[in-house]
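Participant: Please dock the two separately framed chains into a single complex, following the hints provided.
One letter stands for each residue in the lines below.
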Amino acid sequence: MGSAMSDRVATAGTALDSGEEISAWETIRLGAAISPELKEGFGGTVALALLGTAGRVVVPIAVQQTLDKGVNGPHGIDMGFVGMMAVVATIAMVVTGFSSYLMTARLFTTAEKGLATLRIKAFRHVHDLPLLTQNTERRGALVSRVTSDVDQVSQFLVFGGVIGIVSIGQVLVATVIMLFYSWQLTIVVWVCFAPLFLSLQYFQRRLSDSYAVVRRMVGQMLAAVSEPVVGAVVVRTHAIEGRTQARINESISEYQAASTRAQGLTAFSFSLGGVSAGLANAGVLIFGIWLGQGHLWASGVTSGEVLAFAFLVTLFVSPVQMGTQVLTDAQNAIAGWRRVIGILETPADLDDPGPAGVQLPHVPLSVTFSHVDFAYPGGPPVLRDVDEEILAGTRVAVVGETGSGKTTFAKILTRLMDPTSGTVLLAGHDLREVDFASLRRRVVLVPQEGFLFDSTLYANAAYGDLDATPDDVQRAIVELGLGDWLAGLPLGLQTRVGQRGESMSAGERQLVALIRAHLADPDLLVLDEATSAVDPALEMRIARALELLMSGRTSVTIAHRLSTAENADEVIVFDKGVVVQRGRHPDLVAEGGVYGRLHSSWVAQQST
Amino acid sequence: MDGFRVLGVAIRREPWIFTVSTLGSILFGALTVADAWVLGWSTDHVVLPAFEDGHIRGGLLLTVLGLFVGVAILRAVGIVARRLGAGVMQYRMQAAYRREVTAQYLALPMSWHQQHPTGQLLSNANADVEAAWAPIAPLPMAVGTIAMMVIAIVQMLLVDLKIAAVGLMVFPLVTLATLTYQYFSSPLFTRIQALRAELSEVAHESFDGAMVVKTLGREAEETERFAAKANQLRDLGIRVGRIRAAFDPLLEAIPSLGVLGVLGVGVYQIRHGHADAGDVVTIAYLLTIVAFPIRSIGWLLGEFPRSVVGFRRVHRVLDEPVEVTYGTAALGHTALGARLEVDDLDFAYVPGQELLHELSFVVEPGRTVAVVGETASGKSTLTTLLTRLVDPDAGRVLVDGTDLRDLAPGELAGQVALVPQTAFLFDDTVRGNVALGEDVPDEEVWEALRTAQADGFVAALPHGLDSRLGERGTTLSGGQRQRLSLARALVRRPRLLILDDATSAVDPEVEARILAAIRADRSGDAVAASTMVLIAYRKATIGLADEVLFLADGRIADRGPHDALLERNPDYARLVNAYEAAPEGAVGGQRHE
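First to last, the protein sequences are chains U and G.
Position one of the first sequence corresponds to residue 1 (the working numbering), numbered consecutively onward.
Position one of the second sequence corresponds to residue 1 (the working numbering), numbered consecutively onward.
Wrong hints could be hidden among the right ones.
[Unchecked claim] Here are the simulated lysine-lysine pairs, DSBU-like style, with alpha carbons at most 35 Å apart:
hint	chain 1	residue 1	chain 2	residue 2
1	G	Lys229	U	Lys113
2	G	Lys229	U	Lys121
3	U	Lys113	U	Lys39
4	U	Lys69	U	Lys121
5	G	Lys162	U	Lys69
6	G	Lys162	U	Lys39
Derived by calculation from the structure, the hints in this document are not laboratory data.
Next comes chain G alone, as it looks inside the complex (with noise of 0.2 Å):
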């Protein structure tokens, strides 16, 4: 069975405290028949004879007394090894699966996670790594109680075979109930497991979409996606609730019946003078107290369905090859602009569908190249390209005539610096998300912060450079955000700068101070050379440039200066000169300026 092996996973992983959480169950199950027998002992030795003869055995008395206690404390002893034990086996499996799941997340290429939905994989990392340890929290109770059906089998055995007899069907019966118990309400606790986080999706998604639902209206249609979720859990859990409501009246019953038929073929095998009271008490009390135990087999392949699913969905992560593989070469630490050269790329996201064809083009040192094209023309995948989020179909990606697949492992990212389109804030403070953990002195952050133009707002915070973002840095605006993401690539002081509209979101005067902010750094001796490649709508941005990439069709359709192009390519000058030539077709017939 697949539950078995995956516990077989945790145990070779964890022997040593699988074996005293093992052994602590097994000292918890001995010690409750024990407890049977000291009382069946305290029974005949003790209790009868002094309501008897009218004897009062002090010593014996005191033996009572120890063996109780110490039967209990002992029995203390193995409950608390036994689920000490198995959380920290649970925990420590937990844990280590979280921590190899996440490795993984790191290792694997840029298009892997393109492939998979953020829900899918944070929940692989938490919920699903959860589910397959959760057996190993019941195991050794379970194991402790086939341990002590056992002994209480034997020892019932040894006591009198026909008052046994009746007190041995407990036992496959109570097991059968439980087993009749799990195959009926197993897969309605993974359904509802289902429920549950395809509920707390709709929750999720909706509450994203608040906005939306608000202004077109919607809350009505969203509340019924959400009630027939919510609604499908309730009747499952009403029927969960149906068959534990039959089972659980009959797990009690099973064992007292077995008490009733001990107690009438006990009484008769004392007046026939083969057993004695404290035989009939000490096989009662053992059906009392072993019977409950039996439900944590129930409990333990209960969670297998479960556990099994979440295992192999790990394992589908885990097991993903880590196909980005890195060289050894180094790039010159050199103060100069880096030579950036795409040779003939090509690009798919879908086989035969290409989106980037036969691309080539050099950008010398210190130089600044816009690359212009409509909306999914494939620009911002170019840039994804030239920082090897994704490697290229064919062709290569070089930067100072090594091609990005020989770098070692950071070395890219040391000289070469992305502003995506949308940024994305830690849940950090200022400094956390513009150094990044790395020691950059204060004045170094505040610099950068004033080239993106985003000292003003940061210095207003609460706690400036302290003060903390949030989720996703949700309290800040769209452009705030933006801002703060170029900053964290200006302190970097990178060779190769590109930026990927990364001033969309920001109004148009402060999106001149910023280009003018740059521009006048690189005039000064820091980034004096440092190489740009642009993604840009806007002519100041273009104007920035000393070549402008005409992408249209996944190829380079133009390449020159702005002004060049302006002239030559009447597409071009269609696309970036559209604000202005709006006004002719515009209705009211203004003329510009």
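Chain U on its own, in the form it takes in the complex (with noise of 0.2 Å):
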């Protein structure tokens, strides 16, 4: 049923929103709504950079000054005339060179300060995803939204958005001040520039696809890279070395060639600007010297204004050069915000009613499930109508083979997930009316693998229970029964459990979670398969700690071993999707069916 519940999955809307569909425009309106500190003096900075653009002006402006006034002026050579200008220009320049250093340093506050908002938002909008949409994407995935994506549209606001900026505005200055000199000049150097800026948008395409090419390539080469170290156990059991290297390689040089293809396309693209700015220049003199000398329309260019076009023409140069750069930079900065807003627009399925919803009482909660049904959106139905009660300080086991519904039972129990209709109620409370933080104090689920974060057995532990010292840490321990094998670990409540605690063995990880649920004190504790790694003797030792542990409140235990059935004060028996059977054990036992038929095999395994 695997993939074929991802496909469905797909196409039913759980899976995470793409983002896709959301517009260039829509993107950034939503995005500055999401992060209202990226509007902060929006306008105040706009103003500040065309004025530092200005600045770029100064100098072309200064030389033919010079040239026409200062050496070829009227009175000769004019040096107060010199000095004066090169005083106005160096005031000049100041000026806009403060308002540039205003401009950044108010770009990168504001930028910083909204991307980190978008960020947290995001990351936490993750956690409040459904269950179910959280396992169908691949971490990596939810990662880089939170991460690249990030960086990527920060990356464009402080750098690709500045030089953006300021190129047009370079280039729209440096032609107002051309067209005050010459129109016709202007012309010409509009018509060398034209088929580049023409072409900018034909280059940009093929750069983005070649760069599309490029990161798919590195997604299946950090994929084949990753092969070695995480399946290094089958690939040396199976002795696949050779086929692993051979994938590995090919995959590095699938890489390597697509990011050599996409270097080319960039070299060639930015190369492109320099032969328009010779054409440009060399246009400009021949063209400025007809026009000095009266020929085609008959104007007055002065041998400095001709100069200055030459340097006027540098400024075409960069944003040509920067043109395919900047507007790749943009394609991926939209496409990378729209991730991160795909995630903030994925519905996070269930409502939490918050402080002002129910809150739980302290007291064995009582669990009711009325006409419950379920199903993966698209998919067939997983529990039909489940009408069963759960009275306060009873310990029920829930079984049924794989596939028959009851892990979906726990998870709907503990509100990881809503029924597709029906209604659960917890001590008389719909479920959905009750506080997120006051359900997840007081009903705890331990599922089969218990995840553990990279840090000490304390800190795993204590994660049930933020207050809990060292010593509240050592009692759960002590009162689960596993003083035995905490003693037996040299640096004790320190040990450290590795990443997703992998130096552990999968039966301690399940220790760890299940001390971390003793310490959080659940009214109802709900155990997923929790112990399935541990070995009998402790198995039995932990289920009868917990038995204690547990008088007087709630516990629904979903087991493979029967064992667990038969101690518990009530069984309810799934069988595809539907509670087939429910009582004692030896009723049960006695009564046949499907309970009769997981008891005898069950049977037949302890009996060998």
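Facilitator: Next comes the structure, spelled out in structure tokens:
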């Protein structure tokens, strides 16, 4: 059912919103709404940027003024004029330079603040997403949405964005000044650059296609490179080093080839700007001379003006050279922004009523399932008309074959998912009306695979109760009958568990998850195969310890091993999504049916 | 400086590409200077004369056109050679190092892998390799810029000493400003890089543990943990922004001020007949175009700290001596089961804390042995010793009388298969995961899947054997993953099969069917006589064994047939009978059966 389910899920919309259908404008609007910091003083920043850009034409104008008025002027060489001009130009540069400073500093501040907000909101939202969505998405893809995707936006805003604004400003300001000198020469310059401006789009498309290939190849390469690390045991025990290396080498070569292709295209498109500049310079000088001679619509172009054009042309070069890059960055940034916004646009399908919701009392909790149906979107029903009541303070075992719906039952009971129809009541309150914070304090689920954080045993146990001292943790461990085990760890509570707890055995990870749950001190404890990897004697010891600790509270245990069912107050038997039997163990054995079958295969296993 | 030493390694390995891209860059630099010269020459010989005497010399105009366009085209060639050359060199070095690092991962022993966190190894092969060779990108540009500066300086000196003196102050000032900028910003960039990695680690771990976070309602605490890093990153970004904001206008203003100075001095020199207008224009233009590329030297230096760190980290892996040594011995290729002998074996992960002590036992061909012991008693470690994932501290493991350490590479894996407790699946198809790239006929794949009770769910997948399983097989349940991992071992028809609690996530009914199928297979002819070692808790699994080894305190506490052990060893009985003994102590006191 594996990939069939993921297909189904993708089409039925529980997958993460890719954000692809959001338009560029909509992205920016939504982005600004999520990070209001970005809008702060935006107008001022743009005004400063334009003022700063104006500084770039100071030199060309100064050259022109010097040549025309200081050297070739009516009074011959005029040192006084040159001196005054230098002072004015210097003042202009200081003013424009200072506005550049203010602009850049403001831009970095607002961009970094806004994007930190975006990052944190998106991170939080990933945790609020439905469990199903979290499980369907690749971890790496989720992580990149709150890391590299946001980085891409921030890189663009503070680098590409500045370059983009400055480039456009530069071309505009240069054009205005050129027009002031000579509209004819301005046309010459624009004609020389026009083909390039027009081809920007084309190159940008080619570039963004080839970088898309590069990104795909990176993903493929990273996956291949991780095999000998993550799958070291399999590679080693099956001696497939040769095949693994071949796969890695192939993906490395493919990535290398794709990067080289993209680099070639970048280099080529970058080089074209210079060619146009050469053409424009030649054109300006030639036409300038003609114009100066009064040829072609007689106009009084001076030699200084012609040379000023040569300097102004340099202002065109960098926008053209950077243009494709900036456009590609812009496209990537928008795409990255979309992906992050896509997370926030994916509804957290479980609504948390918040502190206004029902606060669960600190008493044993009763559970009522009333006509509960559940199906994954677009899939067949997993639970059908489950109508059961679990009395406060009882110990209930839930059994059934793989795929019978018992884990789904646990997830709905702990509100990791909401039923498709029907209601679940906890101590008489509709689960959907209970404050999440209260629910998570009173109801704890221990899953089969106890995930540990890369920290100490103490920190992982205290995750269940953030106020727990080492003594509290120690006591909890002893209460669960695990004192011997703790004593056997050389570093005790300070033992580091490794990434995902991999320094511990599967059974030990389950022990830590149990200690964590015990410290959380719940009124309803739900165990989903929580001790499947520990040895039978220890499992029974823990079961007995839990019985004592949970006496007077409610517990629901999902188990493959029927020993749990034998000890429970009551057993609920699931088959194909329906509750088929319910009662005390001996009665159910006598009754036969599904439970009878499960029991005889269990007995057969035990009696060998 | 270490940064240059790292670059030296790259240049020695790719001398030709480096030469081409550097020549391209020098060509670009020289022509950039030539461009200014063309402008100056045109000013003196074409523009000013034409404005003075009103004559247009057609030939000269063509020369101007030819010069500008010719210089521009050659310069474009230089750019392509420089950028493409730098790219090719950088990607080649990255690829070469990635191949070497991964080859090293494949060669290094399991014990080394166990001591190094997965995340670190992955970043060694990816981010560190990238950082190590990042300075290659700006290298040719920086070399070319130095060439360009030299040419520009020479040309300025040739034009006019006094004007040149003013202009020459610009280059050292820009260089100084660039280095100062680098000095202030590069520690920040290094820190940002590290913080980005930390941020991503926090996010990865937090999302990996999403289920725990959800079930304990720790979303706010997790967000706080992430926000702390994100805010540090934000503050550093703002600091970088302030520094940049100050230096960007400064770096732009220095050459511009230089141009103004050149104009002032230039006009003075023109008045005294020491220079002409073309000279002034040339030097002013030179300043405008040469000043910007000086920053590339800063880019190059800025990459150095990260590069050196990355290079060292990669070399820590590459320089690790490969300790696993192989012999040349081969095992006989019979259909008979292998004979396994463990002789006086000692093993400790932490020196002084022995996990296995003086372990000795023999499994005769075709026999099945179950290893039983408490949680964390060293059973899984024993399986890694039997398959030579680690070597013992003392003692020997022998298959068919040959020490595992004397076997030729690949020899052991051809005949011994381990099914580990936690199944690992590749991001590949079902067939790829079972056959592992070998040419196995579909019928045999299906047969192995049938024995592992995996044929049912595989047949239900949309593309059967060709269905892709995704990252670590996350689309499958734990029990399904275990069954595929079992089929992977069975399809190789191993002479020694080691199951490390390999059916723990499978429910009892399915497990019973799997065990029955293996048993049936064993009585057929194909794997008739394969030897088996089982790590097990469940009696049905143990019941498959001819003999049980009861492991306690790192030693074999007892051995013999299951029934005999049950009778004579109370500790053993307590462990395996735990489920049956339980009801007596149970609250509620129901009677068993």
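Participant: Does each hint hold? Answer for all of them.
Facilitator: Do the hints match the structure? See the list:
1. Lys229(G) x Lys113(U): 13 Å, holds
2. Lys229(G) x Lys121(U): 14 Å, holds
3. Lys113(U) x Lys39(U): 11 Å, holds
4. Lys69(U) x Lys121(U): Measuring from Cα to Cα gives roughly 60 Å; hence the hint is violated.
5. Lys162(G) x Lys69(U): Roughly 22 Å between the alpha carbons, so the hint for Lys162(G) and Lys69(U) holds.
6. Lys162(G) x Lys39(U): Distance ~51 Å between Lys162(G) and Lys39(U) Cα, so the pair is violated.
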